[in-house]
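All chains should be modelled from the sequences, with the hints used to inform the complete structure.
Residue numbers (the working numbering), protein chains in the order written: chain A, 2 to 162; chain B, 1077 to 1461.
Honestly, the hints are just simulated from the structure, not real lab data.
Treat the hints loosely; a few may be bogus.
[To be verified] Calculated lysine-lysine pairs in the DSSO-like style (CA-CA distance at most 30 Å, straight line): (1) A:Lys25 x B:Lys1382; (2) B:Lys1382 x A:Lys26; (3) B:Lys1236 x B:Lys1225; (4) A:Lys11 x B:Lys1356; (5) A:Lys33 x B:Lys1385; (6) A:Lys156 x B:Lys1444; (7) B:Lys1362 x A:Lys143; (8) B:Lys1444 x A:Lys36; (9) A:Lys25 x B:Lys1253; (10) A:Lys26 x B:Lys1362.
[Unchecked claim] Coverage of chain A stretches by chain B, computed from C-beta distances (three or more under 8 Å per stretch; other residues unrestricted): (11) 6-12; (12) 17-30.
[Unchecked claim] Computed list of chain A residues with no C-beta within reach of chain B, every gap over 10 Å: (13) Lys37; (14) His136; (15) Leu149.
Every residue gets a Cβ at the ideal spot worked out from N, C-alpha and C, and that includes glycine.
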Amino acid sequence: MDEILEILEKNARATPAEIAKMLKKNSSSVEKTIKKLEKQGIILGYKAIINRELVRDDDSEVRAIIEVRVAPQKDLGFDRIAQRIYSFPEVKSCYLLSGTYDLLLVVEGKNIHTVSNFVAEKLAPLENVRGTTTHFLLKKYKENGMVLKHKEEHKRIAISY
Amino acid sequence: MISKKVQEMQPSGIRQFFDLVLGMEDVISLGVGEPDFVTPWQIREAGIYSLEEGFTSYTSNKGLYKLRLSISRYLKNKYGLDYCPDNEILITVGVSEGFDLALRALLNQGDKVLIPSPSYVSYGPLVELSGGIPVYINTKEQGFKLTPKNIGKSVDKKVKAIILNYPTNPTGISYTKKELDELKRVILKNKLLCISDEIYGDLTYDFEHTPFAKLSGAKGSTIYLSGFSKSYAMTGWRVGFACGSGEMIAAMTKIHQYTIMCVPITSQMAACEALHTGRKSVEEMKREYKRRREFMVDRLNNLGLKCIKPDGTFYIFASIKKTGMDCLNFAERLLRKEKVAVVPGTAFGKEYSDYIRISYASSYESLKEALVRIERFLKSKGARK
Chain A
2 MDEILEILEK NARATPAEIA KMLKKNSSSV EKTIKKLEKQ GIILGYKAII NRELVRDDDS
62 EVRAIIEVRV APQKDLGFDR IAQRIYSFPE VKSCYLLSGT YDLLLVVEGK NIHTVSNFVA
122 EKLAPLENVR GTTTHFLLKK YKENGMVLKH KEEHKRIAIS Y
Chain B
1077 MISKKVQEMQ PSGIRQFFDL VLGMEDVISL GVGEPDFVTP WQIREAGIYS LEEGFTSYTS
1137 NKGLYKLRLS ISRYLKNKYG LDYCPDNEIL ITVGVSEGFD LALRALLNQG DKVLIPSPSY
1197 VSYGPLVELS GGIPVYINTK EQGFKLTPKN IGKSVDKKVK AIILNYPTNP TGISYTKKEL
1257 DELKRVILKN KLLCISDEIY GDLTYDFEHT PFAKLSGAKG STIYLSGFSK SYAMTGWRVG
1317 FACGSGEMIA AMTKIHQYTI MCVPITSQMA ACEALHTGRK SVEEMKREYK RRREFMVDRL
1377 NNLGLKCIKP DGTFYIFASI KKTGMDCLNF AERLLRKEKV AVVPGTAFGK EYSDYIRISY
1437 ASSYESLKEA LVRIERFLKS KGARK
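Now the structure itself:
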């Protein structure tokens, strides 16, 4: 993987000038590469990673993993039905899988009712959907490589040779 | 009550400074001599699993055979070095123990040992404890590089051994194969034994590290010391190894069996895992250090704290000459005013009062903040006399 990507994946706030220094390149060429990566859709965005468990407000959400069995369509396979499903804003992630079911969704809602309503009224009635199984998330331990807990105290002693 | 030898050991002149650092809160420390990464998980897990499985006994004095075998294979694969796991490899409590054993096994009372300076803090005192006399070779004028010429100048009949440490703590300087070959010629010509501390070998950024023992004709008079602390981020596990001729290793093992007995088995088991699955983590950490090096060297030079770009390690030895301050004064003021800790150069030799050692084994964010603080300090009144 490009080293620029490695740096940005760890810290999206690293500026082109900083990256240029780290890699001994000039800043404008780094900027150009980043632009190119954005254009190619390799870099899709820059977001803060927020530990929602610690955010105490009314906007808290529940999350469910939903297995969906669907009937593929002639000439279109799963893509059309997948698109119909992932276009709902409640659907945060959507994957096509091998195995006993076809699509795996990550769905978010304000509370357990919003999510069940989404399943009952939007998802399950779709023509090609054969069945769904909904799992509500109870606790998040790790997400996208980040362990979701408070930063630990530095354990190293401050001075050593 | 205390033995004369120990009474005569020079106490570290910067102890007080360290006590000051340890007593302060919210300090950004660039004074740390160990990685900021924790040991990669699969290595920690192997240690935990070995405890669950009940591996809590002594091992053979030389260390677990499977670890020695793995080290032997690793050295063969990586460098083409041949060390027999049966009698040419000893597992030690870090390089520190291996270094002490080597001196005690080799030195007679009054033997001189050449030490390029600036040097890691324990070399001189340990030579003295073993009855030897340290002879420092100042490398400041040669860009902190040892040259055949300055070895030649320091050799006399009483000199039995030379200590090499590359990449070097505190300067980060290392040597290419060609430079090492030139050093080797003088070392062998004068029949010196070479104790080569290559703990930072894996952290060499611009060229391949060459073990001294790999140079043609050098292996027989070399004790090769390395370990897991720096490259695998395993400082607290205390595992290193010494490689040398059967005769040398047997002599070192004699002392080791009476003093240490063996390295803790948990650490040895974890080290086995490190060699089997840890290479990818080493490469990742190395890339990260290299990027920080570029950033730090550039910024420090821009601030007027001139430094030679290090070839390896995670240290930069920067000159503070332009501030007119002595290193202790500089370090103490910087700490009090801006809460940034660095190691005063005199820790590594009394001639280096114009230098500080900066470690970049800290997160990029901390390094950035530390540099902002150093810049502010340099511009402030506190930095002037």
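Right, here's what the structure says about each hint:
1. Restraint check: the Cα-Cα separation between Lys25 of chain A and Lys1382 of chain B comes to about 18 Å, which is no more than 30 Å; the hinted pair holds.
2. With a CA separation close to 21 Å, the supplied pair Lys1382 of chain B and Lys26 of chain A stays within the 30 Å bound.
3. Note on Lys1236 of chain B and Lys1225 of chain B: the hinted pairing holds, with a Cα-Cα distance of about 18 Å set against a maximum of 30 Å.
4. For the suggested pair Lys11 of chain A and Lys1356 of chain B, the alpha carbons sit about 17 Å apart, so the restraint of at most 30 Å is met.
5. A C-alpha spacing of about 28 Å is found between Lys33 of chain A and Lys1385 of chain B, which places the hinted pair at or below 30 Å, so the restraint holds.
6. This hinted pair checks out: Lys156 of chain A and Lys1444 of chain B have alpha carbons roughly 20 Å apart, not beyond 30 Å.
7. The hinted pair formed by Lys1362 of chain B and Lys143 of chain A meets the criterion: a straight-line CA distance of about 25 Å does not exceed 30 Å.
8. Simply put, Lys1444 of chain B and Lys36 of chain A have alpha-carbon atoms about 25 Å apart, close enough for the 30 Å limit, and the pair holds.
9. About 25 Å separates the Cα atoms of Lys25 of chain A and Lys1253 of chain B, which keeps this hinted pair within 30 Å; it holds.
10. At roughly 18 Å between alpha-carbon atoms, Lys26 of chain A and Lys1362 of chain B fall within 30 Å of each other, so this suggested pair holds.
11. With 3 residues having a beta carbon nearer than 8 Å to a beta carbon of chain B, the segment 6-12 of chain A meets the requirement of three or more and the stated coverage holds.
12. Look at the segment 17-30 of chain A against chain B: 5 of its residues bring a Cβ nearer than 8 Å to a Cβ of that chain, three or more, so the hint holds.
13. Every Cβ of chain B is farther than 10 Å from the Cβ of Lys37 of chain A; the closest lies at roughly 21 Å, confirming the non-interface assignment.
14. For His136 of chain A, the non-interface assignment is confirmed: its Cβ lies about 27 Å from the closest Cβ of chain B, beyond the 10 Å cut-off.
15. For Leu149 of chain A, the condition that its CB be more than 10 Å from all CB atoms of chain B holds, with the nearest at approximately 16 Å.
Checked against the numbered hints given earlier, this structure breaks none of them.
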